[in-house]
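Colleague: Chain by chain, the residues:
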Amino acid sequence: MPDWRKLVRKHMRSLTLSLPAKEQVIDELSVHLQDVYERGCGRGLSQRASLRLALQEVGDWSVLTEGIRNTRSEDTSMNRTRALLIPTFVNLLLSSALINICDRFGMLDARLERMAQIPPSFQPWLLVLPVCGATAAFLARRSHGSSMVRLIAAVSPCMAWLTTLFVLKLIFIGFPEAFASVPTGTLAAASIGWFVLPALAMFAGALPFLGRTPLPQLRVSRD
Amino acid sequence: MPKRVRSNIARGSADLAILSLLAEKPLYGFEIARQIGERTGGALKFTLASLYPLLYEMEKRGWVEAQWQANAAGRDRRYYRLTRTGRRQLAPLRQEWRSFFHALDALAGVSHA
Numbered sequence: 001m002p003d004w005r006k007l008v009r010k011h012m013r014s015l016t017l018s019l020p021a022k023e024q025v026i027d028e029l030s031v032h033l034q035d036v037y038e039r040g041c042g043r044g045l046s047q048r049a050s051l052r053l054a055l056q057e058v059g060d061w062s063v064l065t066e067g068i069r070n071t072r073s074e075d076t077s078m079n080r081t082r083a084l085l086i087p088t089f090v091n092l093l094l095s096s097a098l099i100n101i102c103d104r105f106g107m108l109d110a111r112l113e114r115m116a117q118i119p120p121s122f123q124p125w126l127l128v129l130p131v132c133g134a135t136a137a138f139l140a141r142r143s144h145g146s147s148m149v150r151l152i153a154a155v156s157p158c159m160a161w162l163t164t165l166f167v168l169k170l171i172f173i174g175f176p177e178a179f180a181s182v183p184t185g186t187l188a189a190a191s192i193g194w195f196v197l198p199a200l201a202m203f204a205g206a207l208p209f210l211g212r213t214p215l216p217q218l219r220v221s222r223d
Numbered sequence: 001m002p003k004r005v006r007s008n009i010a011r012g013s014a015d016l017a018i019l020s021l022l023a024e025k026p027l028y029g030f031e032i033a034r035q036i037g038e039r040t041g042g043a044l045k046f047t048l049a050s051l052y053p054l055l056y057e058m059e060k061r062g063w064v065e066a067q068w069q070a071n072a073a074g075r076d077r078r079y080y081r082l083t084r085t086g087r088r089q090l091a092p093l094r095q096e097w098r099s100f101f102h103a104l105d106a107l108a109g110v111s112h113a
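Respectively, the protein sequence lines represent chains C and W. Each residue of the first sequence is one higher than the one before, starting from 1 at the first, in our numbering. Each residue of the second sequence is one higher than the one before, starting from 1 at the first, in our numbering.
Please note that a few of the clues may not be correct.
20 Å max Cα-Cα, derived DMTMM-like pairs, lysine to aspartate or glutamate [claimed, not checked]:
id	chain 1	residue 1	chain 2	residue 2
1	W	LYS25	W	GLU59
2	C	LYS6	W	ASP15
3	W	LYS45	C	ASP60
4	W	LYS45	W	GLU31
5	C	LYS10	C	GLU66
6	C	LYS6	W	ASP76
7	W	LYS60	W	ASP15
8	W	LYS25	W	ASP15
9	C	LYS6	C	ASP27
10	W	LYS45	W	ASP76
11	W	LYS45	C	ASP3
12	C	LYS22	W	GLU57
13	C	LYS22	W	GLU65
14	C	LYS22	W	ASP15
15	W	LYS60	C	GLU66
16	W	LYS60	C	ASP27
It is worth saying that the hints were derived from the structure and are not from the lab.
Modelling step: build the complete structure from the supplied sequences, incorporating the hints.
Modeller: Here it is as structure tokens:
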């Protein structure tokens, strides 16, 4: 069977919508073409003829793209907010709160020097990060965010922490005397501790929500 | 016939066709196109290029609302449901087309038997 999503995505390259909105359009058009194709096969047409039939149903790809761009463009900011920004914000808030809680109870030493020395797997907050990733991915999926959007929402706090590290590094470069107190390799090790491992933990939590699972809120009969 | 008039007629008939179908029950894009094709004996045919921009515009206007749901086969499809606003559009649209056909009938005798 043809990869309809790939085909639609290829033809919709010039569709300038937010990522969630565009993914939703691609999903919808893909399943439509798949239905046409399967109906053709079900009527005894060859796969090649069914494929041709499905492509005929499209009409003009450029007209389709232009028409969708004109009608969906105003939805962009709302979709982005619901599918990406809100889950990202919740994730950042939740994971930051958990880090602070761990820190308050002495379970986390957030100093860069110590981050390089303490194996990150011993950091208890790593164990709760999958919950944060899962929460973000769940919220993004509920707002029809694509798999990519869900993944970004799930690991977004790590990106923020990595950015913070880079900013710190720039500050250290600007103030060599401050950098002198940080052992060599600390930043690299801290990058692993603050980005790679947390990202993996959040990704693990998000995994069950990254696939295209059905949303059976309501079953509607065809007949 | 000037192109603009022709496209307005096509657009108006498409609106009426879709809203009338959705007034019966929620449907997804493929089913809307299939049912319009079958119930008009193939006289009206929607391509994706003509159907989806129209559906999205109706959604933007609040005439229909869409939701991903599993169909009878357990597959996710984006179902369109007529809203109260959409339902309010339907009666005047029907009346408009009725008047249009009456006018054409009076002029050119085009009503069906």
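Colleague: Hint by hint, note whether the structure agrees.
Modeller: Here's how the hints hold up against the structure:
A distance of roughly 16 Å separates the Cα atoms of W/LYS25 and W/GLU59; the hinted pair therefore holds under the 20 Å criterion. Proposed proximity of C/LYS6 and W/ASP15 is contradicted: the alpha carbons are some 30 Å apart, above 20 Å. Only pairs whose Cα atoms come within 20 Å are accepted, and W/LYS45 paired with C/ASP60 is accepted, the gap being roughly 14 Å. At roughly 12 Å between alpha-carbon atoms, W/LYS45 and W/GLU31 fall within 20 Å of each other, so this suggested pair holds.
Proposed proximity of C/LYS10 and C/GLU66 is supported: the alpha carbons are some 15 Å apart, at most 20 Å. Straight-line distance between C-alpha atoms of C/LYS6 and W/ASP76 comes to about 18 Å, which keeps the hinted pair within the 20 Å bound. The hinted pair formed by W/LYS60 and W/ASP15 meets the criterion: a straight-line CA distance of about 14 Å does not exceed 20 Å. With a CA separation close to 16 Å, the supplied pair W/LYS25 and W/ASP15 stays within the 20 Å bound.
A C-alpha spacing of about 10 Å is found between C/LYS6 and C/ASP27, which places the hinted pair at or below 20 Å, so the restraint holds. Between W/LYS45 and W/ASP76 the alpha-carbon distance is near 24 Å, which puts this suggested pair outside the 20 Å criterion. Between W/LYS45 and C/ASP3 the alpha-carbon distance is near 25 Å, which puts this suggested pair outside the 20 Å criterion. Between C/LYS22 and W/GLU57 the CA atoms are separated by roughly 15 Å; this keeps the pair inside 20 Å, and the hint holds.
With a CA separation close to 18 Å, the supplied pair C/LYS22 and W/GLU65 stays within the 20 Å bound. Annotation: proposed proximity of C/LYS22 to W/ASP15 is violated, straight-line Cα distance about 24 Å (limit 20 Å). Between W/LYS60 and C/GLU66 the CA atoms are separated by roughly 16 Å; this keeps the pair inside 20 Å, and the hint holds. Only pairs whose Cα atoms come within 20 Å are accepted, and W/LYS60 paired with C/ASP27 is accepted, the gap being roughly 19 Å.
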